[in-house]
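**Student:** Based on the hints, put chain B in the right spot on chain A.
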Amino acid sequence: MNRAGRRVPGRVPTSASSQALFEQHVLPEIEVMLRVARSLTRNDADAEDLVQDTLIRAFRAIDRFDGQHPRAWLLTILRNTHINRNRRRRPELLRDPDGTSRELHDIASADVADASIDAGFDAEIERALAELDEPFRRVVELVDVAGLSYAETAEVLGVPAGTVMSRLHRARGRIRDRLDRAGLAPRSH
Amino acid sequence: MKMSWRDRFRPTGRRPMTCEEVGTWLQHYLDHELDGRRSGRLAAHLEDCKRCGLEAETYERIKHSLADTRPASPDDAITRLREFGERIARGEEPVQT
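So the protein sequences, as listed, match chains A and B. Position one of the first sequence corresponds to residue 1 (my numbering), numbered consecutively onward. Position one of the second sequence corresponds to residue 1 (my numbering), numbered consecutively onward.
These are calculated hints, taken from the structure and not from any lab test. Careful: at least some of the hints might be erroneous.
Claimed, not checked - If you only want the chain A side, here are some residues facing chain B, beta carbon under 8 Å, derived:
#1 PHE22
#2 LEU34
#3 VAL143
#4 LEU168
Stated by the list, open to error - To give an idea of the chain A side of the interface with chain B (calculated C-beta under 8 Å), a few residues:
#5 GLU23
#6 ILE30
#7 ASP53
#8 ILE56
Stated by the list, open to error - EDC-like mimics (lysine to aspartate or glutamate), calculated; alpha carbons at most 16 Å apart, straight line:
#9 B:LYS63 / A:ASP53
#10 B:LYS50 / B:GLU83
#11 B:LYS63 / A:GLU126
#12 B:LYS50 / B:ASP35
#13 B:LYS63 / B:ASP31
#14 B:LYS63 / B:GLU33
Just so it is clear, the structure is predicted and the values come from calculations on it, not from any experiment. Backbone N, C-alpha and C fix where the C-beta goes; we use that ideal spot for every residue, glycine too.
The shape of chain A in the complex, shown without the other chains:
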């Protein structure tokens, strides 16, 4: 229906309960979804498109949503939507569902200016992050950059929470080793 009350072709009528559930559980998560979508797509326009598609899919499924853990539910939809979009765009990525292993190399060479000691520390961390293998970098981006919990990260990646923890632990260890080698890790005097 449009605002005048007439049925709009191709659009589904919405019940008041669907609308209320969607507004209550889905709309407040848009910012988090956008952050995660950025991490997955590495592109602002693609990230916005991905969130739009996720909103549509979430609305279609809202009547089956039990009201528990909306963020985890939405992140699962977002992840599946991302995988499907990649498959449509690049069928060769069927064997690489995350579809980003190649994109890693694009940012590995990213150069970061360091104008002060703090900037040097931050730049070293950005370099270390770019050099991590894809599964490790992805976990760090979701937990430390996007601010997700272990459980939410596990939903996005479709792996057990234990895998998230072990990857995160190893990834941070590598970042720390790099800081050590660069003489930038805090030391006792």
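**Tutor:** Quick look at chain B alone, frame taken from chain A:
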């Protein structure tokens, strides 16, 4: 750090953690993924052990630095998506495949 004789006789659930235990749980602690009791025991250890305190400080700095790389979500993208979501809720956007 050596455990004091007093801590040796405390129930495990109440004494400060050992360095080895801190090594196991530090990342969870920094990510706020540790339960209250363990968190308290770990924090008690960090207060007394310089080496573990320094380790925690290093990882905390790494976490903060990574969080600072978070791109600010542009308000206009969020506004557009929110308006899109509201139109979906009102049935004004096509949502069928």
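**Student:** For each hint, tell me whether it holds in the structure or not.
**Tutor:** Against the structure, the hints come out as follows:
Taking 8 Å as the C-beta contact cut-off toward chain B, the hint placing A:PHE22 at the interface holds, the least distance being around 5 Å. For A:LEU34, the interface hint holds, the least distance from its beta-carbon to any beta-carbon of chain B being 5 Å, beneath 8 Å. A cut of 8 Å between beta carbons decides the hint on A:VAL143: the least distance to chain B is about 7 Å, and the hint holds. Annotation: interface hint on A:LEU168 holds; nearest CB of chain B at approximately 6 Å, less than 8 Å.
Proximity of A:GLU23 to chain B holds as hinted, the smallest CB-CB distance being about 5 Å (cut-off 8 Å). The beta carbon of A:ILE30 is positioned within 8 Å of a beta carbon in chain B (closest approach about 5 Å), and the interface hint is therefore held. Annotation: A:ASP53 was flagged as interfacial toward chain B, and the flag is violated, the nearest CB pair being 10 Å apart, outside 8 Å. Residue-level restraint check for A:ILE56 holds (minimum Cβ-Cβ distance to chain B is 5 Å; threshold 8 Å).
Restraint check: the Cα-Cα separation between B:LYS63 and A:ASP53 comes to about 31 Å, which exceeds 16 Å; the hinted pair is violated. For the proposed pair B:LYS50 and B:GLU83, the alpha carbon gap of about 52 Å is over 16 Å, so the pair is violated. Between B:LYS63 and A:GLU126 the CA atoms are separated by roughly 12 Å; this keeps the pair inside 16 Å, and the hint holds. Annotation: proposed proximity of B:LYS50 to B:ASP35 is violated, straight-line Cα distance about 23 Å (limit 16 Å).
Under the criterion of a C-alpha separation no larger than 16 Å, the hint pairing B:LYS63 with B:ASP31 is consistent with the structure, at around 9 Å. Simply put, B:LYS63 and B:GLU33 have alpha-carbon atoms about 14 Å apart, close enough for the 16 Å limit, and the pair holds.
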